[in-house]
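Start from the sequences and build out the full structure, keeping to the hints where you can.
Chains B and C supply the protein sequences, listed in that same order.
Just so you know, we're using the numbering used here here: the first sequence kicks off at 6 and counts up by one.
Just so you know, we're using the numbering used here here: the second sequence kicks off at 6 and counts up by one.
Mixed in with the good hints, there may be bad ones.
If several chains are the same, the list does not tell them apart, and a pair holds so long as it fits within one copy or across any two.
When the alpha-carbon atoms are kept at most 25 Å apart in a straight line, the in silico SDA-like pairs for lysine to any residue are as follows [stated by the list, open to error]:
(1) LYS342 x VAL299
(2) LYS339 x VAL299
(3) LYS526 x HIS90
(4) LYS177 x LEU132
(5) LYS520 x HIS90
(6) LYS462 x ARG416
(7) LYS342 x GLY389
(8) LYS302 x PRO91
(9) LYS388 x ARG400
(10) LYS302 x GLU514
(11) LYS388 x GLY401
(12) LYS342 x SER370
Just so you know, these hints were derived from the structure itself, not from any lab.
Number of protein chains: 2
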Amino acid sequence: MATSIKSYPVLLAMLVLSTVRAGTDADLGAKIAAQGTTDGVAPCMSCHGADGAGIAAAGYPRIAGMNADYLAKQLRDFHAGRRDHPVMTPMAKALTEDKILLVSAYYGAMAIPTVAAQPPDAEVARLAQELIAWGDWTGRGLPACSQCHAPAGNGIGAYFPGIGGQHAGYLKAQLQAWRAGTRANDPLGLMQAAAQHLTDAEIDALSAYYAAQPAAAPVPAENAPTAAAGKFSVGPDEVHAGEVVQQGPPPAGREPGEGGHFRAPPRGDLPDGPFGEAILQGQAIFGNTNAHKVSAKYVGNDQACGNCHLDAGRLAESAPLWAAWVAYPAYRSKNRKVNTYIERIQGCFTYSMNAQASAAGGPPSADSETIVSLVAYSYWLAKGAPTGDDSMPGRGYPRLKETEQGFDPERGAVVYAAKCALCHGENGAGVAQGDGRTLFPPLWGSESYNWGAGMHKIDAAAAFIRHNMPLGLADSLSDQEAWDVAAYMNSHERPQDPRHEGNLQATTERFHGGKFDYYGKRRTVEGHLLGEQPARK
Amino acid sequence: MATSIKSYPVLLAMLVLSTVRAGTDADLGAKIAAQGTTDGVAPCMSCHGADGAGIAAAGYPRIAGMNADYLAKQLRDFHAGRRDHPVMTPMAKALTEDKILLVSAYYGAMAIPTVAAQPPDAEVARLAQELIAWGDWTGRGLPACSQCHAPAGNGIGAYFPGIGGQHAGYLKAQLQAWRAGTRANDPLGLMQAAAQHLTDAEIDALSAYYAAQPAAAPVPAENAPTAAAGKFSVGPDEVHAGEVVQQGPPPAGREPGEGGHFRAPPRGDLPDGPFGEAILQGQAIFGNTNAHKVSAKYVGNDQACGNCHLDAGRLAESAPLWAAWVAYPAYRSKNRKVNTYIERIQGCFTYSMNAQASAAGGPPSADSETIVSLVAYSYWLAKGAPTGDDSMPGRGYPRLKETEQGFDPERGAVVYAAKCALCHGENGAGVAQGDGRTLFPPLWGSESYNWGAGMHKIDAAAAFIRHNMPLGLADSLSDQEAWDVAAYMNSHERPQDPRHEGNLQATTERFHGGKFDYYGKRRTVEGHLLGEQPARK
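And the structure:
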């Protein structure tokens, strides 16, 4: 955070259009925090403490070390009436945008105080851990908490706050407010939608569990819309942009599992011994393929299996593994031969995970620990499914009907900015954690799936997006929006098709026919044909 | 056959203890055939023709080019009243053993006459082909005709006559006689048992179909009990031996499919296109692994998958593939890891098919045509079976309860001679066709499964034998017989365990514990420990 403050470039009105010294900004922020302002703002520390740790018993949150953009957005939302609190609202109304920025930067840069909440008992912890790691997506359409707040609960960027180490009382009050709709300043209505699915017991468990977790610095999301390269804080224009992604009541969304789909076994229902361990390892690899110690060497980009197969391969209409398992071996026109299930998932490495650029230089072998674990996991998910049924309801992605307007990347760019850039970034690069783990997957560029992956086809991508995105708000996009944004996504350069043998035209003719494929046909803004230049990092 | 006659060593009483010239023997046989004998035997050719082709309309069989031992046995059986025919019985009664041998050798050496029966219509042919290739084992316990009469219908050795190119009327009469029990001179009652399952329509179809097939020289079975090395014909002692394996009415046998077992799809119910072709190829490889053009290079002995998995992997309690498919991946203590189905069948190549000694030097890779075809075939057989069910009724071989007497190879040798040597040969080497195809699999020696295969364990072998052998007379052995003969079989040398790293004792301790395993423990008749010397061809 210290680094960020040094490069902090915002021009403050109170300083006469000169480059400010970092020390001076911090001093100003510190002054507001400690003394308030002359126009009626009370010192922040009277409630949030000198160390910014808040007061657990009073429900005052810890703000020290939170993402400064997040803090600024909250102050701005109190100021504008988009969030309400009897104490905070009048304070924020008295703050100017300049002061909001100063005081947010001050608290964002402050060391994270140690929190000493008692961990809940084991049963409560298990309930919380299940929701944090998995949510209940297939059951209730509830995404995992970790999906947006990061696995450690430290938050991502300006829109997904750190909640690990926050006071339980505050967390509980907020979850109840999201659920009731009395707090509604979340981007896309994502948090409201999630909270609607939570029971009282779950809110209690999550609040208690997160409160006992160590707080940590949030994951930076440098490509996110309100924190674009070179900018650290949010100015008045971005406030407006912020409103675009803010939508009040959440869309109804899909209720997954309603269609009488096959259900994979409960997560905890594992066989004992080495086979159960193999299944668990397969599950871990599936969700974190590019960073898992066993599988990382076969992945040449920032993708994991779970990016395309939601709910860790369980969700119907999101290419669930249980439907794939019983449908292989099968003939595939893609490579004009009968493929075993193992060959099929080796194909995922070759294309969706661009194994050519990996340390191993290619997909894992059939007897590798990676493949064996993924096979064990897939097989277990399909427990009870009838062998040879290649049309289980919910298999693959439901085909999306074409629209009268067709698809258009220009229209798609607008959808993308409003609905997708929040997580995947304005430049499509997604967000990775320091350890290489992907939090929001990259959609194009060198770290995305390559030109041989199924997802590069606009119809496949449109179907996936329409039924699954935005995450937690599945089925909220119109067909037209899905088609357009898929076209926009796939109008960008990405890693070369591994079947390319040096001639773009030949590769295009052989593998990239049809109107749903821009490879070798459409030009980038730089003027070259897609597939002509290597995707840049 | 000409060669055999030249080496024909039997001493004929009519010649004064001198080595006879082959020409003379043939002349004597020819004389009986053409002129009969002075003591009342009519010329054979009056009914069977000068060319030995028989007379179709009269129901007189073709005998030219039949296996001479088979012909001699029939004459001997007519002579002794074990087979009956109004014309043949009095003739045979008037023949001495010497003359039986002479005339049999004469007709055995005769060129096979061309037969010109009209092929039956397509539907009849299909019915016959199905029975010839597959029988209806799982349904009725009916083995395939080709199993004993060879795929081309040309017969094997002294006990399994050539039936291709035989007259339809004769074939039909014989099948009806076997079924009715009015002909009963078959070894072990095998043919009576098979014929009991045949319908009238099937007898008609088989007779018509085989009659239209070209006749061909029978496959020699040099190791069979009555045709041991150096002997061409059967003397008085062997007549007695012949009686041992002859048992009158067939045992009841098992009625497979009665236990409500899972049923694989009907053979003809294949998907269209390349996937159906892959399944068919898998089926072909399964039955003929060591000689099939795709898979032969991975097989280092004379074994095929179908030798241990009867009815081409369909039969319950004979390690059916449909039960295995849904039970893999799984942890195996054998190699202490989770094995995919592909690794499991690679293990079959490594051990049961001794891939180390193959042209490829090891098992086929996971993406080889061989493995993909076998996977497609297995998957298809399991169509509808529930994924993950690792205890389908009929899986594997049923465990065989230990007996009070335990098992004893010496006792087993007696069982073997009476019930097994007929097909597998006195030296356990089985019978191979000229093209390398295995007709009766070798049970020990260089061409059998190696010391790492599951079948080398006496308990596994006993279970397999008890429930499946002799072929077509399943469940006719007592538990004690099965245990003893399994011990006898596995007390012989066979190819080395591929896990052996140079030290017999270490390999024994690591992989060959327990009382059901003779490796590294029991000595051969030559005095070395099993596993110490390479098995000889």
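Tested hints:
In the homo-oligomer, the alpha carbons of LYS342 and VAL299 lie at most 25 Å apart only across protomers (16 Å), although the nearest pairing inside one protomer, at 29 Å, exceeds that limit. Taking the shortest alpha-carbon separations for LYS339 and VAL299, only the inter-copy value of 24 Å comes in at or below 25 Å, while the best intra-copy value is 28 Å. Taking CA atoms no more than 25 Å apart as the test, LYS526 paired with HIS90 passes in neither setting, with 54 Å inside one copy and 85 Å between copies. In this assembly of identical chains, the alpha carbons of LYS177 and LEU132 lie at most 25 Å apart only when taken from the same copy (15 Å versus 75 Å across copies).
For the homomeric pair LYS520 and HIS90, neither the shortest alpha-carbon distance inside one copy (53 Å) nor that between copies (79 Å) is at most 25 Å. In the homo-oligomer, the alpha carbons of LYS462 and ARG416 lie at most 25 Å apart inside one protomer (18 Å), although the nearest pairing across protomers, at 70 Å, exceeds that limit. Taking the shortest alpha-carbon separations for LYS342 and GLY389, only the inter-copy value of 23 Å comes in at or below 25 Å, while the best intra-copy value is 28 Å. In the homo-oligomer, the alpha carbons of LYS302 and PRO91 never lie at most 25 Å apart, since the shortest distance is 53 Å inside one protomer and 82 Å across protomers.
When the C-alpha separation of LYS388 and ARG400 is checked against a cutoff of 25 Å, the pair qualifies both within a copy, at 15 Å, and between copies, at 17 Å. Taking the shortest alpha-carbon separations for LYS302 and GLU514, neither the intra-copy value of 32 Å nor the inter-copy value of 37 Å comes in at or below 25 Å. Both within a single protomer and between protomers do LYS388 and GLY401 lie at most 25 Å apart by alpha-carbon distance, with minima of 18 Å and 20 Å respectively. For a Cα distance limit of 25 Å, the shortest separation of LYS342 from SER370 qualifies both inside one copy, at 18 Å, and across copies, at 16 Å.
This entry does not satisfy hints 3, 5, 8 and 10, going by the numbered hints stated previously.
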